[in-house]
Amino acid sequence: MRSLVPLLWAAACTPPGPQQTTPVPTDSDTSEPKILPIDTAPFIPIDSSADGPPDLVPGHFVYMSQSGVWNLSSASAPNTMTGSLQITEYVDTLDTALPEYECYVTYALTGEAVGNHTCTDCNFVFDVEFYVDDGDPAACHDPDAPPSGAVWQMGWSDPDGTIYLNYYGTDVWLPWYPGTKSAAVIDFAWSATLAIEVLDTGDMQ
Amino acid sequence: MPTSRSQTLLTCLVIAGLAAACDPPPRPGTQIGALRQPDPDPQPPSDLQQIDIRSAVEEAIHLGGLATLASTWRGHVGSVDVGTAACPGVWIGQLPDGVVDVDMGDDPGLSWAATCATVPEQAGGPFREFSGFTHWTATVTETEGARSLIADADVHSDAGEELFHFDGEANDSLTVDGGGWQYQSTLDGSVSGRLTDTEGGVRTGGGFEASWGSDGALTMFGTVTALDGFGPADQRPADAPEVAHLPDWAPGRPRFTSVRFDLTFGPECAQEPVGYVGLRGNEGFWFDVYFLPKFAADDPTFEATGFPYEQIDNVACDGVGTLFARNIDLRALDEERADWSREVAPDFASAAAALPAPALADFVYTLRNLPLE
Numbered sequence: 177m178r179s180l181v182p183l184l185w186a187a188a189c190t191p192p193g194p195q196q197t198t199p200v201p202t203d204s205d206t207s208e209p210k211i212l213p214i215d216t217a218p219f220i221p222i223d224s225s226a227d228g229p230p231d232l233v234p235g236h237f238v239y240m241s242q243s244g245v246w247n248l249s250s251a252s253a254p255n256t257m258t259g260s261l262q263i264t265e266y267v268d269t270l271d272t273a274l275p276e277y278e279c280y281v282t283y284a285l286t287g288e289a290v291g292n293h294t295c296t297d298c299n300f301v302f303d304v305e306f307y308v309d310d311g312d313p314a315a316c317h318d319p320d321a322p323p324s325g326a327v328w329q330m331g332w333s334d335p336d337g338t339i340y341l342n343y344y345g346t347d348v349w350l351p352w353y354p355g356t357k358s359a360a361v362i363d364f365a366w367s368a369t370l371a372i373e374v375l376d377t378g379d380m381q
Numbered sequence: 040m041p042t043s044r045s046q047t048l049l050t051c052l053v054i055a056g057l058a059a060a061c062d063p064p065p066r067p068g069t070q071i072g073a074l075r076q077p078d079p080d081p082q083p084p085s086d087l088q089q090i091d092i093r094s095a096v097e098e099a100i101h102l103g104g105l106a107t108l109a110s111t112w113r114g115h116v117g118s119v120d121v122g123t124a125a126c127p128g129v130w131i132g133q134l135p136d137g138v139v140d141v142d143m144g145d146d147p148g149l150s151w152a153a154t155c156a157t158v159p160e161q162a163g164g165p166f167r168e169f170s171g172f173t174h175w176t177a178t179v180t181e182t183e184g185a186r187s188l189i190a191d192a193d194v195h196s197d198a199g200e201e202l203f204h205f206d207g208e209a210n211d212s213l214t215v216d217g218g219g220w221q222y223q224s225t226l227d228g229s230v231s232g233r234l235t236d237t238e239g240g241v242r243t244g245g246g247f248e249a250s251w252g253s254d255g256a257l258t259m260f261g262t263v264t265a266l267d268g269f270g271p272a273d274q275r276p277a278d279a280p281e282v283a284h285l286p287d288w289a290p291g292r293p294r295f296t297s298v299r300f301d302l303t304f305g306p307e308c309a310q311e312p313v314g315y316v317g318l319r320g321n322e323g324f325w326f327d328v329y330f331l332p333k334f335a336a337d338d339p340t341f342e343a344t345g346f347p348y349e350q351i352d353n354v355a356c357d358g359v360g361t362l363f364a365r366n367i368d369l370r371a372l373d374e375e376r377a378d379w380s381r382e383v384a385p386d387f388a389s390a391a392a393a394l395p396a397p398a399l400a401d402f403v404y405t406l407r408n409l410p411l412e
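So the sequence lines, in the order shown, correspond to chains A and B.
Taking the numbering used here as reference, the numbering of the first sequence is continuous, increasing by one, and the terminal residue is 381.
Taking the numbering used here as reference, the numbering of the second sequence is continuous, increasing by one, and the terminal residue is 412.
In short, the hints are calculated from the structure, not lab data.
Only part of the chain A face toward chain B is listed, based on derived beta-carbon distances under 7 Å:
#1 L232
#2 H317
#3 D320
#4 Y344
#5 G345
#6 A368
#7 L370
#8 I372
All C-beta atoms, glycine included, are put in the ideal place defined by N, C-alpha and C.
Take the sequences, apply the hints, and build the full model.
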């Protein structure tokens, strides 16, 4: 075996004869090089998941209600206003015998007439100050429950039967409360129902 | 006998191994599978000198201005507006655990999650189909607005038209100070639909950041893909070498698909930004226009050496950038052709001025805006 190795080496490295040549593919194309496109764009994953969750049927709802009254200093061009606002919120059902609200807040309102304002639909506009008589607005789900001491610019529109709010001073006047005006009194109310996820506190009822 | 068989086998293996070791190397230019040996130098695309790169850069900035939450938000609000109280039902706060796998943060915000169609009698018009979910927050003061939106949502008309699609997350903010304002947005995802302001739809690669303001400030960072492409119609013939092998390519398609930005206007130069704009052609080639250097030419860091600033002559604050195609230094081509230049001077002032000007009113979106009845 040992004597065979040199012979094998020599045989293996002998240049092959012409009839043994395996044709090597050559590039005979003289035209423009066929450039492979190199896309260096960042990889963008495709979301192959389903379009979304199945239609959710809410298990719980929060019922929001806000109502109040404006007592105007005069029916046509009031300079001042006093009034009240009540916000209540509860989830699913309310035991009328022993009501347990998620949020129950009562406010006393005072208003000073604003001459220079941007509400084109308003007959008159007040700077309305909200003073909390009872409850905690922070407990409300409505993110726009006014905190105590807040001063909001609000105006009344006779044609629309609506109290408008200059939302956080942005000069965007949103229809805030539908209402009815009778002489120098405006009654208003708004309500909404939204789905809500109730956290399981682990309490045993 | 076993010994003799082993010796024979070993001998054969040695012969085969030695024969393989002595194969001559392939000749240069040999095609081996998908590779050519040696790999030919990359060539610029055949229509390089016909492309209006200046206009393309300006159009790219316009595209970057569309890849924002402001454009997406308009579709989100518009699609909720065509819904009803029942479809899609709006949740206050977060969605139930396990419905969507995203961290919605501490702000309760509002959500919808549905696979439903509106009832025409309730919607006051033809039905709309909602599928997926959205979760959003919006806050505003006299001087600031901020929003966020996380969604994997699709809204279609009764005719199947896509009204709103957003898969991703985004946030933005607007600061107003006196007569001036500054807008900032980060968008990570894909957004399209007629109710959006995205002109055919956009997709970002990761979080695309954009900010601009009334003072002309402009910053864009990240990648944006126009789902319908952008730029001039492709004029190349179908046998152009760089497109001849692309089965989906056709003449007349928009010349570009995507943009990569690393662009900031600093206080040192109002005429020209620091960084670059990269335009991706529909064949996959990138056209990069480099402006003021972000790094020193001799900066040895890996991040800095990725930029070819050492090959750029013009580093003056003059609004003129230098074009590279497929990272090829086009200096020789520039010198050969008197009627063509690798230097590009986009009208940044006009492009920035044409970007949308958000208003605080756009950030006002409350329970009163929702179709709850």
